[in-house]
Amino acid sequence: MRTFIILGVFIVNIHSLSAQKLVPTDFSFRSMAVGNTDSTVNNMLSNVITEIILQEDLQTNSSLVWLGTGSGVSVIIDTNTVEAIPDTSGLANSQPASSNWKETNRLPQGGISAMAVGDQGSDYEKFMFIAAAGSENDIPVGKGLAFTYDATDSVINWTYYDQPIDEGEGDTILPPFADIGFIQALPITVPQANVTYDIAFSDVVDINGDTIEFAWIASWAGGLRNWNTLTKPSFWDRIPLPLDDKFELNTCINPNEDPDSLWQLESDTVGLNITTRYVLRDYELNPRDPIDGGNHNHKVFSVLTYSDTIWVGTANGINRGIVGVVFGEASSCINWEHYSYPTHGLSGNFVVGLALQRHKGKRVIWAATVNADDPTEQRGVSYTTNDGLSWNTALLGERVYNITAHDSLVFAATANGLWKTEDGINWARYKPARQAIPVPNTAIYSTDEVLANEVYSVAFDNRTYYGNNSIWIGTGDGVAHSYDLDGLNWKIFRAEYDQDEDYAYPNPFSPYTHNVIGGDGYVRFHTNEWSGTFVIDLDVYNFAMEKVFAGSFDRRNASSGALKWNGRDTQGRPVHNGVYFVKLNYPENQASKPSPHWVKLIVVK
1 MRTFIILGVF IVNIHSLSAQ KLVPTDFSFR SMAVGNTDST VNNMLSNVIT
51 EIILQEDLQT NSSLVWLGTG SGVSVIIDTN TVEAIPDTSG LANSQPASSN
101 WKETNRLPQG GISAMAVGDQ GSDYEKFMFI AAAGSENDIP VGKGLAFTYD
151 ATDSVINWTY YDQPIDEGEG DTILPPFADI GFIQALPITV PQANVTYDIA
201 FSDVVDINGD TIEFAWIASW AGGLRNWNTL TKPSFWDRIP LPLDDKFELN
251 TCINPNEDPD SLWQLESDTV GLNITTRYVL RDYELNPRDP IDGGNHNHKV
301 FSVLTYSDTI WVGTANGINR GIVGVVFGEA SSCINWEHYS YPTHGLSGNF
351 VVGLALQRHK GKRVIWAATV NADDPTEQRG VSYTTNDGLS WNTALLGERV
401 YNITAHDSLV FAATANGLWK TEDGINWARY KPARQAIPVP NTAIYSTDEV
451 LANEVYSVAF DNRTYYGNNS IWIGTGDGVA HSYDLDGLNW KIFRAEYDQD
501 EDYAYPNPFS PYTHNVIGGD GYVRFHTNEW SGTFVIDLDV YNFAMEKVFA
551 GSFDRRNASS GALKWNGRDT QGRPVHNGVY FVKLNYPENQ ASKPSPHWVK
601 LIVVK
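Residues 1 to 605 (my numbering) make up the sequence shown, in order.
Quick caveat, the hints were computed from the structure, so don't treat them as lab data. The beta-carbon is built from N, C-alpha and C at its ideal position, and this holds for glycine as well. Heads up, some of the hints might be wrong.
As the list claims (entries may be wrong) - FRET-style restraints, in silico, Cβ to Cβ:
no., residue 1, residue 2, range
1, T376, N426, 24 to 30 Å
2, N250, P290, 20 to 26 Å
3, T385, N507, 48 to 54 Å
To be verified - When the alpha-carbon atoms are kept at most 30 Å apart in a straight line, the in silico DSSO-like pairs for lysine-lysine are as follows:
no., residue 1, residue 2
4, K362, K246
5, K593, K583
6, K564, K593
7, K431, K605
8, K126, K362
9, K600, K547
10, K491, K431
11, K583, K600
12, K547, K605
13, K360, K126
14, K420, K564
15, K232, K126
16, K583, K605
17, K420, K360
18, K564, K600
19, K102, K232
20, K547, K593
21, K491, K583
22, K491, K420
23, K564, K547
24, K564, K491
25, K491, K126
26, K362, K420
27, K431, K564
28, K102, K126
29, K564, K583
30, K547, K583
31, K605, K564
Starting from the given sequences, assemble the full structure and let the hints guide the process.
Printed below as a string of structure tokens:
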């Protein structure tokens, strides 16, 4: 894969190839003004849901569902209430390097590229990290990270950090790594192409036997970095990963005990003073492309941690690390094994997602892969049942965004929908989410459907509040929750403009790019809240007021789905570009007769 480097300013063009598009779209999604719907509080910020994080607080009896959206963070408080976490444009890589953190009660503005909470049931279950991103001239830009010790508090206090960057020019020597030695590295000096795509927490034991909670971030140009939640330092340690052509890197060897180790002794003379230091031998941490002297394995997409083990997905495969002890406040040393295509049997070398499955005493590591340099690579998933000694593949050809597992079940969120397996071999695909919830004391259903094939995120929920075994999915058309694992019926949460207005969205509308499902794109219509009516008639007229389409929506029919139009006329032909007038015929209230409500729609293909 060819990327582009401008010397002096490190810029990776992450959108130069389709395989590099690791998020649904750019992070500069349009914000949506939201209001109350159906007598609920609905403050969803966007319908693009890239992250779903579950958190439970037994002290307050709350079961939170955190949503990372294209326009910020929203949280589902209960089955009817969605709140937004306040943000501000004042947090966006604005601090000088010497003070790149700030105490705040707001998040940075932007799309949410990564979220993580501490292990539920542990001492760190209320910890949360959030990463934001945007774009400048079609280049993704990291907009920083925010950390809190208590994400369940009524007023959350965050520590904001600029997107981690380095000081220096050209090749430089990083500060001591794990109190062992120094590492030569290319400094990453700008937030451009330095987006954090994944975050994980882990327990690390220090030299005194005490446990320290660390946060790990996976960034494209920024690589793998970690951070001590105890001391909350203002900097993130860069973690060395194996070179592309190496299958291991052992950094826990003490050079004083093994003089022939990977660490070599170097001397510097400054005036009359001579200093010596150990430097990692024949190594440079450099995320440039190999053609420019760098390593794809230093571009990081995903991170997974448990016990003393860390798995890292990069642009050159998967790395399994065993974490050593922490000396003082420094980062921990790690011994790495590196697996890549085709040597180790992965389906592809871009590893964009990782998941851990525990079932019947066995541990399975799942990886979502995307084809990279080699034309024989394939999209799909790779998995190992023996900690990397061998790899199997599945769902070949599918663009997988996210994986999660619980007991025997594994779920994969893909460009073609949600998949489920119990053995890794036989997979079943869910139908797109549809909602048909009876309205109490009426013959009316609350009907809706997700108008998107793509599922970007998935979470398995075994909390009692949500029925012990249920699933959540995030799409480009909202988030949906099913109490049954077969996905027979869903409740859909979606951002709304204004409950008191009639409108079409998106508007302008393209049937080729908006809400595409089953080969058709759809525009959705929202109506003023009404009661006592079952049927809404929908007529579409062109600019000459010639009727091009007529349809009807019946709320009594559980399969009605959304009030929508696919941009085709009554003969099934795509309409021309232009302005259209849509008449929605329904009564204002239970006592009134049906009356027309007009919406103007622009179709642009």
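Hints, verified against the model:
no. : hint                    : in the structure
1   : T376 / N426: 24 to 30 Å : holds, 25 Å
2   : N250 / P290: 20 to 26 Å : holds, 22 Å
3   : T385 / N507: 48 to 54 Å : holds, 50 Å
4   : K362 / K246             : holds, 28 Å
5   : K593 / K583             : holds, 15 Å
6   : K564 / K593             : holds, 23 Å
7   : K431 / K605             : holds, 27 Å
8   : K126 / K362             : holds, 28 Å
9   : K600 / K547             : holds, 14 Å
10  : K491 / K431             : holds, 14 Å
11  : K583 / K600             : holds, 9 Å
12  : K547 / K605             : holds, 20 Å
13  : K360 / K126             : holds, 29 Å
14  : K420 / K564             : holds, 29 Å
15  : K232 / K126             : holds, 16 Å
16  : K583 / K605             : holds, 22 Å
17  : K420 / K360             : holds, 18 Å
18  : K564 / K600             : holds, 14 Å
19  : K102 / K232             : holds, 11 Å
20  : K547 / K593             : holds, 23 Å
21  : K491 / K583             : holds, 28 Å
22  : K491 / K420             : holds, 19 Å
23  : K564 / K547             : holds, 16 Å
24  : K564 / K491             : holds, 18 Å
25  : K491 / K126             : holds, 27 Å
26  : K362 / K420             : holds, 19 Å
27  : K431 / K564             : holds, 18 Å
28  : K102 / K126             : holds, 20 Å
29  : K564 / K583             : holds, 12 Å
30  : K547 / K583             : holds, 10 Å
31  : K605 / K564             : holds, 17 Å
In summary, the structure agrees with every hint in the numbered list given earlier.
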